Amino acid sequence: MKVFGFNFGARKSSSADTAKERLQILLAHERGSGAPGPDYLPLLQRDILEAIARHVKVDRDAVDIRMERDADLSSLEINIELPKRAAAR
Amino acid sequence: MSKVIVVTSGKGGVGKTTSAAAIGAGLALRGHKTVVIDFDVGLRNLDMIMGCERRVVFDFINVIQGDAKLKQALIKDRRVDTLSILPTSQTRDKDALTQEGVEKVLGELREEFDYIVCDSPAGIERGAQLAMYFADEAIVVTNPEVSSVRDSDRVLGLLNSRTRKAEEDGTIPAHLLLTRYDAKRIESGEMMKVEDVLEILAIPLLGIVPESTAVLRASNTGTPVVHDETSGAGRAYRDAVARLAGDSVEMKIAGDEKPGLFQRLFGRTA
Ligand SMILES: Nc1ncnc2c1ncn2[C@@H]1O[C@H](COP(=O)(O)OP(=O)(O)OP(=O)(O)O)[C@@H](O)[C@H]1O
Ligand SMILES: [Mg+2]
Numbered sequence: 001m002k003v004f005g006f007n008f009g010a011r012k013s014s015s016a017d018t019a020k021e022r023l024q025i026l027l028a029h030e031r032g033s034g035a036p037g038p039d040y041l042p043l044l045q046r047d048i049l050e051a052i053a054r055h056v057k058v059d060r061d062a063v064d065i066r067m068e069r070d071a072d073l074s075s076l077e078i079n080i081e082l083p084k085r086a087a088a089r
Numbered sequence: 001m002s003k004v005i006v007v008t009s010g011k012g013g014v015g016k017t018t019s020a021a022a023i024g025a026g027l028a029l030r031g032h033k034t035v036v037i038d039f040d041v042g043l044r045n046l047d048m049i050m051g052c053e054r055r056v057v058f059d060f061i062n063v064i065q066g067d068a069k070l071k072q073a074l075i076k077d078r079r080v081d082t083l084s085i086l087p088t089s090q091t092r093d094k095d096a097l098t099q100e101g102v103e104k105v106l107g108e109l110r111e112e113f114d115y116i117v118c119d120s121p122a123g124i125e126r127g128a129q130l131a132m133y134f135a136d137e138a139i140v141v142t143n144p145e146v147s148s149v150r151d152s153d154r155v156l157g158l159l160n161s162r163t164r165k166a167e168e169d170g171t172i173p174a175h176l177l178l179t180r181y182d183a184k185r186i187e188s189g190e191m192m193k194v195e196d197v198l199e200i201l202a203i204p205l206l207g208i209v210p211e212s213t214a215v216l217r218a219s220n221t222g223t224p225v226v227h228d229e230t231s232g233a234g235r236a237y238r239d240a241v242a243r244l245a246g247d248s249v250e251m252k253i254a255g256d257e258k259p260g261l262f263q264r265l266f267g268r269t270a
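Sequence lines, in order, name chains A and B.
In case it helps, full-length UniProt numbering puts the first sequence at residues 1 to 89.
In case it helps, full-length UniProt numbering puts the second sequence at residues 1 to 270.
Don't take every hint at face value.
What the hints assert, rightly or not - List time: in silico BS3-like cross-link candidates among lysine-lysine, alpha-carbon distance up to 27 Å:
no. : chain 1 : residue 1 : chain 2 : residue 2
1   : B       : K69       : A       : K57
2   : B       : K33       : B       : K69
3   : B       : K165      : B       : K184
4   : B       : K94       : A       : K84
5   : B       : K165      : B       : K193
6   : A       : K57       : A       : K20
7   : B       : K184      : B       : K104
8   : B       : K33       : B       : K76
9   : A       : K20       : B       : K71
10  : B       : K104      : B       : K252
11  : B       : K184      : B       : K33
12  : B       : K165      : A       : K57
13  : A       : K84       : B       : K69
14  : B       : K184      : B       : K94
15  : B       : K33       : B       : K3
Rather than coming from a laboratory, the hints here were simulated on the basis of the structure.
All of these numbers come straight from a predicted model, not from anything done at the bench.
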């Protein structure tokens with residue numbers, strides 16, 4: 001709260017604040033309304049691979065999925081290594 | 001050669017996960033390729049303690065069930081590049097973990113890592129037994145109080161009968177890690193003395209980790225306490241890791257350091 005330029009209640013953010021923030025982000029994802037079920041990622045991976053395999057021959061091992069959950073948005077990064085000569089089917 | 005180390009205790013809440021995270025990070029800081037595995041199915045916690053909870057995509061059970069490759073489930077630590085984490089499942093029931101599955105995953109990990117640290121669930125049931133079965137060595141985490149010591153004794157019995165190592169060699173190397181050591185309460189006679197615990201359990205002492213506020217701070221921020229060199233607990237874990245790696249380090253009970261004025265003004269770098 002800022003009154004007359006003084007910042008009351010301002011303090012160095014403590015480790016407990018960090019804990020709260022981390023938990024809020026995590027729990028919002030774990031129980032949030034509209035959040036996908038916890039086990040959707042393997043299914044998503046399978047669907048993506050199937051879609052790609054309809055066009056290009058890919059190796060299951062060449063798929064790398066990374067996730068970064070954050071307060072306002074999460075990102076899902078999917079890297080697929082295509083074969084040297086991406087042979088169309 | 002790779003080594004599988006189980007961190008176990010019988011009794012719950014004595015500091016297994018704190019210790020697995022600290023020892024895993026400590027081994028990695030020494031340059032060893034290390035992975036820490038969470039065996040506590042349904043109660044995922046190691047990811048929080050190691051600060052990678054926002055990046056979990058696949059877990060141990062996904063790998064066992066063939067839904068993901070091991071490489072996809074391993075999370076690389078952002079602080080130490082020789083460290084990885086294999087999180088457990090938050091949702092599956094405990095039966096999803098099978099002995100064959102565990103053996104297969106550990107076998108794959110052995111090809112890539114020097115140390116594989118297994119964070120066991122509490123208890124002496126199936127989950128704890130699976131976490132220990134393929135271990136080459138054990139770290140028994142004990143608090144200096146009667147129920148913890150008693151449970152540690154039972155776990156030692158299991159380690160020496162229900163592990164592959166014990167089936168082959170008759171015994172498994174086990175180290176005692178005494179945690180939440182509180183000098184004041186030991187002095188006042190409320191808590192057991194180190195010598196007494198050692199006499200009863202009769203296994204070599206790996207380290208004494210003092211009760212420390214740094215542990216709570218470390219779990220709040222998701223930074224294994226071994227990174228906190230000003231804390232007694234952090235230094236105790238560093239020493240324990242050095243002993244585990246074969247160094248001989250004098251056993252001392254570390255207290256927390258108060259940074260001096262100079263250090264506070266100019267940071268800790270000398
Ligand atoms: N040396 C210590 N000083 C102060 N607190 C500690 C210390 N070690 C562990 N704790 C605290 O004790 C609690 C239990 O620790 P931890 O989760 O590591 O135990 P655990 O054995 O893995 O528990 P569980 O059996 O539930 O898996 C945590 O709140 C942790 O912060
Ligand atoms: Mg635990």
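Evaluated hints:
no. : hint              : result
1   : B:K69 <-> A:K57   : holds (18 Å)
2   : B:K33 <-> B:K69   : holds (19 Å)
3   : B:K165 <-> B:K184 : violated (39 Å)
4   : B:K94 <-> A:K84   : violated (42 Å)
5   : B:K165 <-> B:K193 : violated (31 Å)
6   : A:K57 <-> A:K20   : violated (45 Å)
7   : B:K184 <-> B:K104 : violated (46 Å)
8   : B:K33 <-> B:K76   : holds (11 Å)
9   : A:K20 <-> B:K71   : violated (31 Å)
10  : B:K104 <-> B:K252 : violated (40 Å)
11  : B:K184 <-> B:K33  : violated (38 Å)
12  : B:K165 <-> A:K57  : violated (44 Å)
13  : A:K84 <-> B:K69   : holds (22 Å)
14  : B:K184 <-> B:K94  : violated (40 Å)
15  : B:K33 <-> B:K3    : holds (11 Å)
Figure legend: structure checked against the earlier numbered hints; hints not met, in rising order: 3, 4, 5, 6, 7, 9, 10, 11, 12, 14.
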